[in-house]
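S.K.: Those protein sequences? They're chains D and H, same order as listed. Its first residue numbered 9, the first sequence is counted upward by one per residue in the working numbering. Its first residue numbered 42, the second sequence is counted upward by one per residue in the working numbering.
Bear in mind the hints are in silico, worked out from the structure with no lab data behind them. Each hint should be verified, as a subset may be incorrect.
[Said to hold, decoys possible] Okay, derived cross-link-like pairs now, DSSO-like style, lysine-lysine, Cα gap no bigger than 30 Å in a straight line:
| # | chain 1 | residue 1 | chain 2 | residue 2 |
| --- | --- | --- | --- | --- |
| 1 | D | K132 | H | K227 |
| 2 | D | K177 | H | K179 |
| 3 | H | K331 | D | K329 |
| 4 | D | K35 | H | K253 |
| 5 | H | K253 | D | K329 |
| 6 | H | K331 | H | K398 |
| 7 | D | K187 | H | K385 |
| 8 | H | K331 | D | K129 |
| 9 | H | K398 | D | K306 |
| 10 | D | K129 | H | K183 |
| 11 | D | K312 | H | K227 |
| 12 | D | K23 | H | K183 |
| 13 | D | K187 | H | K183 |
| 14 | D | K306 | H | K232 |
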Amino acid sequence: MARIQLENVKKAFGKVQALDGITIDVKDKEFFVLFGPAGAGKTTILNCIAGIAMPEEGAVKFDGENVNLTDSAHRNVAMVFENYALYPQMTVYDNMASALRSKLYKTDEAEIEKRIQWAAKTMKMENLLERLPSQLSNGQKQRVAMGRALVRTPNVFLMDEPLAHLDAKLRNSMRTELKEMQANLGSTCIYVTHDFMEAMALGDRIAIINKGRIVQIGTGDEIYYMPCNEFTAQLMGEPQINIVNAVISEMDGSLIATINVNGNNIALKLPEDERVYQKIKESNLTNVDIGLRPQNVKYSFEPKEGYFKSSVYSYESIGNKSVIVAECADDQLRMIAPNGLSVGIDSDIYLYFELDRAIIFDANTKEYIVRYDEQSFIDLAASMEEK
Amino acid sequence: MAGLTLNHLFKRYDNSGKKKKIKNDFAVKDLNLVCEQGEFVALLGPSGCGKTTTLRMIAGLEEITDGEIYIGDRLVNKVHPKDRNIGLAFEDYAMYPPLNVYGNVAFNMRAKGIDKEEIDRKVREIAPLMQIDDLLDKMPVKLSGGQKQRVNIARAIIREPELLLMDEPLSHLDGKARQAMRTEIKRLINKIKCTTVYVTHDQLEAMSLADKIAIINFGVLQQFGTPTEVYDDPANEFVASFIGEPPMNILETKIVDVDGTFFFTFKDSNLRIAVPKRYYSVVHDGFCCKMGVRPMDVLVGGEDSKGTSEEIATFENLGDERRIGIRVGDVLMMLITEDEKRYKRGDVIKLEVREEKTHLFDIETGDRIREKEI
Numbered sequence: 009m010a011r012i013q014l015e016n017v018k019k020a021f022g023k024v025q026a027l028d029g030i031t032i033d034v035k036d037k038e039f040f041v042l043f044g045p046a047g048a049g050k051t052t053i054l055n056c057i058a059g060i061a062m063p064e065e066g067a068v069k070f071d072g073e074n075v076n077l078t079d080s081a082h083r084n085v086a087m088v089f090e091n092y093a094l095y096p097q098m099t100v101y102d103n104m105a106s107a108l109r110s111k112l113y114k115t116d117e118a119e120i121e122k123r124i125q126w127a128a129k130t131m132k133m134e135n136l137l138e139r140l141p142s143q144l145s146n147g148q149k150q151r152v153a154m155g156r157a158l159v160r161t162p163n164v165f166l167m168d169e170p171l172a173h174l175d176a177k178l179r180n181s182m183r184t185e186l187k188e189m190q191a192n193l194g195s196t197c198i199y200v201t202h203d204f205m206e207a208m209a210l211g212d213r214i215a216i217i218n219k220g221r222i223v224q225i226g227t228g229d230e231i232y233y234m235p236c237n238e239f240t241a242q243l244m245g246e247p248q249i250n251i252v253n254a255v256i257s258e259m260d261g262s263l264i265a266t267i268n269v270n271g272n273n274i275a276l277k278l279p280e281d282e283r284v285y286q287k288i289k290e291s292n293l294t295n296v297d298i299g300l301r302p303q304n305v306k307y308s309f310e311p312k313e314g315y316f317k318s319s320v321y322s323y324e325s326i327g328n329k330s331v332i333v334a335e336c337a338d339d340q341l342r343m344i345a346p347n348g349l350s351v352g353i354d355s356d357i358y359l360y361f362e363l364d365r366a367i368i369f370d371a372n373t374k375e376y377i378v379r380y381d382e383q384s385f386i387d388l389a390a391s392m393e394e395k
Numbered sequence: 042m043a044g045l046t047l048n049h050l051f052k053r054y055d056n057s058g059k060k061k062k063i064k065n066d067f068a069v070k071d072l073n074l075v076c077e078q079g080e081f082v083a084l085l086g087p088s089g090c091g092k093t094t095t096l097r098m099i100a101g102l103e104e105i106t107d108g109e110i111y112i113g114d115r116l117v118n119k120v121h122p123k124d125r126n127i128g129l130a131f132e133d134y135a136m137y138p139p140l141n142v143y144g145n146v147a148f149n150m151r152a153k154g155i156d157k158e159e160i161d162r163k164v165r166e167i168a169p170l171m172q173i174d175d176l177l178d179k180m181p182v183k184l185s186g187g188q189k190q191r192v193n194i195a196r197a198i199i200r201e202p203e204l205l206l207m208d209e210p211l212s213h214l215d216g217k218a219r220q221a222m223r224t225e226i227k228r229l230i231n232k233i234k235c236t237t238v239y240v241t242h243d244q245l246e247a248m249s250l251a252d253k254i255a256i257i258n259f260g261v262l263q264q265f266g267t268p269t270e271v272y273d274d275p276a277n278e279f280v281a282s283f284i285g286e287p288p289m290n291i292l293e294t295k296i297v298d299v300d301g302t303f304f305f306t307f308k309d310s311n312l313r314i315a316v317p318k319r320y321y322s323v324v325h326d327g328f329c330c331k332m333g334v335r336p337m338d339v340l341v342g343g344e345d346s347k348g349t350s351e352e353i354a355t356f357e358n359l360g361d362e363r364r365i366g367i368r369v370g371d372v373l374m375m376l377i378t379e380d381e382k383r384y385k386r387g388d389v390i391k392l393e394v395r396e397e398k399t400h401l402f403d404i405e406t407g408d409r410i411r412e413k414e415i
C-alpha cells in the first residue's frame, strides 16, 4: 500500500484544460473520494494516477517516488470501472484470476485459489464463481469487478463510479457493503463519484473537483457544515441547501438581514453570535447570501409570531418524508415536512428561518464567510479525524 | 365518471414467427384499474414487469390479448390510436429536428388543418405554462434535456387530450434537472387537471407525483392505493421492499412465547422485539414468518433503554442524516437517525424498535399477515 501524491498536475485535451493544477496528498490506507459534477476532471485524475493518461506538467508520486515515467502495468494499481469490463468468455473465477496469471504478477495457482476464495467471501459471491458474466445481474457483475481488484495487493485501488450503473436500491446496499468492507481492506483507495451520498458515506476525506481544479478538500463533516463556497454547499445535501440573498444593516448593535419575499421586504434579526457578528462586520459587506438547509426552514399554515408569508409552489413526498417548495424572492425554498399533509398548491404558507443554523456567504464572490456555531463544527470535524 | 378503466386486461406476446414454440407467459395478467377523472396514476414496478406494455395497450400501440379498456365511458379496444384522444410523452423526446420549438409544438394541429390563428393562440397559451416561452424560436439541438422534455410535454398536452400518458419522462435527466422537472410536472398536472397515467420504475418519482400508485410485478397488480397507503400499509413483501429508500428491513423470524408475552427472535442474533398485542390472535409459540420494519422506526435508545445491545456493523454519515447498519444473522438491518452523534464500526448501541410499526409477512407467499378484525 502506498501514499499517493499529485503535485500541480496539468493536462489539456486540445483547447480544454481538463486538469488545471491538481495537488492532492492521499495518505497510506486512506479512502479518498474525488467528487464533482460530470466533466469536472475526476476520471482524468484517476487515469493520471493509473498511468493511462500522462500529465503535461506536474508529478505523480507513489510513496514519494516520482512515477511519471513508469508505465501503467508497472505501477501496480487495481482499477474498477463503471462498466465492469469483465472478460465475457471467462468464468467469474477466471476473471478474478486473470491479473494474477499475467506474466508480471505471476502467482501460483494454490495461492490464487486462496485469495479468490477470500475475496469471494468478502464480496458475498462464493456461489457465483463458476458462472459466466452473461449469467450475472449488474450488481453481481460489479461485485466480480471489485473482487478481481481485491485479489491483488496493489499500491492503490482506483475506483471510477463503480456503483453508477446500478439501480438506486442496489447502489445503496452496495454502498453500505463497500463501507463495511473498507474497514477490512486496510488499503489506499481513490474513489470517483458524482453522488454526494457515496462521497459522504465512504470518504475519509473528500476532494471537491470542478472545472479541473480542486475546490475544497476535507472530511465529510467539514464540507457539509463549512463549505468553502456556494457551489460546494449546493453539492452536498438532498434536497439542496436554500440560498437566500439578504441586505445587511446595523440597528442598536444588532445585525439585521433584509430579504425580499414576493415584493415585500422582510427584516430578520441575525441571532447574536460573536464570531458571526465579527466576521460579517470585518468583511464590510452589505450584501450576503444566507445558506439554510431544508431542515432548518420551519413552516406553519396559520399566521404565527415571527413567521413571514409566502405561497406553496409544490408538495412532494420523497419517501419517508416530504418536501414543501415555497416561493421566495425569485427563487424557491425547500423545506422538510411529514408525509400525508393536505397542502394546496399556491395556498398561503408562513415560514421561519432557523438563522442560528445558517451559513453566510459573500453575495458577490459566493465564498464562505462564516457560519453559526463555527467552533463546535470545527471541533466535531477534528474529533472525526482522530477516529 | 372514471377517466380510465381497465377491465380484466391480459397481454401475451405472440412468438408464432419463431421456430421453437415456447409458450410465453402473460406480460400483463388480469389487470383491473379504475382511474378517476383528473387523477394522476403512476404505474410502478421493476423493469420487465409489464408497466410499459400496459401503457402501450392504453395508447393503442399494442394489441390487447383479452379484456377491455375504457377511456371515459368509451370502449376503445377497437379504436385507432389517433382517435383515442390521448397525449403521449415518452422517455426520448422524438422531436422533429428541422422544426423549431414552435413548429414542433404546433405540428399536430397543423397536420389536422386547424387554422393558423387558433394554433398560434394555443401555442402562446401553453408556452408560459411549460416555461418554454423564450425557447419557441430555438431548434431542438440547442435545447438541454430538461428543456426538450418540457417541449415534449407541451406538445402532448396542447391537443387537450382526454388522457395523458407518460413513459419515464424524467429518466434521461440528471439529478438536479430531474428534481426541478418533477416539481414542474406536479404543478402542471394540478393546473390542467387531465387524467394522467405515468410509467416509472423510480419509487421516489411515483411517491412524489402520483395521487395513486399501481405497483406491478411480473404482470400482476400487487397493490393500488395512495402513496401513504402503499407506504404505511403494504399489501405484501414485494410492495414493502419496493417502496421506500432505504427499503424496509425484512427479516425471517420465529415467534417465541415467554410467560405469555410473544417476542420476535432471529437466527444467530440476540435481538428480541415484542410482538404487538394486535397480532396475538394470529400468532403462536414457534410461529415462523417474516417481520418488516422501516429504518425510520428503528431507534438508538438512550442510556436507560431496555433495548438489546447491538454492535454497529456500518455507519454512514450522509450529511442530512446518518444510517446505521446492524447485523442480524446474515441480514444488515438499517436504521436512520438525524441525531448529530457520530458512531464508528464496533460501537455498541441499545437498539429499540417501534413495535407497533412492525408488519408480518408470510414466508412462502410474501402476503401480509394481518391481525384479525374484531
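S.K.: Taking the hints in turn, state whether each one holds.
M.R.: Results of checking the hints against the structure:
Taken as a hint, the D:K132 and H:K227 pair is broken in the structure, with Cα atoms around 41 Å apart against an allowance of 30 Å. Our distance criterion of 30 Å between C-alpha atoms is broken by D:K177 and H:K179, whose separation comes to about 38 Å. For the given pair, H:K331 sits about 25 Å from D:K329 by alpha-carbon distance, which is consistent with the 30 Å threshold. Pair hint D:K35 plus H:K253 does not hold up; C-alpha atoms about 51 Å apart against a cutoff of 30 Å.
The hinted pair formed by H:K253 and D:K329 meets the criterion: a straight-line CA distance of about 17 Å does not exceed 30 Å. A threshold of 30 Å between alpha carbons decides the hint, and for H:K331 with H:K398 the separation of about 14 Å falls inside it, so the pair holds. The suggested pairing of D:K187 with H:K385 holds, with an alpha-carbon distance near 11 Å, which does not exceed 30 Å. A C-alpha spacing of about 26 Å is found between H:K331 and D:K129, which places the hinted pair at or below 30 Å, so the restraint holds.
Between H:K398 and D:K306 the alpha-carbon distance is near 27 Å, which keeps this suggested pair within the 30 Å criterion. Simply put, D:K129 and H:K183 have alpha-carbon atoms about 50 Å apart, too far for the 30 Å limit, and the pair is violated. Of the pairs offered as hints, the one joining D:K312 and H:K227 holds, with about 28 Å between alpha carbons and a cut-off of 30 Å not exceeded. Of the supplied pair hints, the one linking D:K23 and H:K183 holds, its CA atoms being roughly 22 Å apart against a limit of 30 Å.
Of the pairs offered as hints, the one joining D:K187 and H:K183 is violated, with about 42 Å between alpha carbons and a cut-off of 30 Å exceeded. Simply put, D:K306 and H:K232 have alpha-carbon atoms about 27 Å apart, close enough for the 30 Å limit, and the pair holds.
Hint compliance for this structure: hints 1, 2, 4, 10, 13 are broken, all remaining hints hold.
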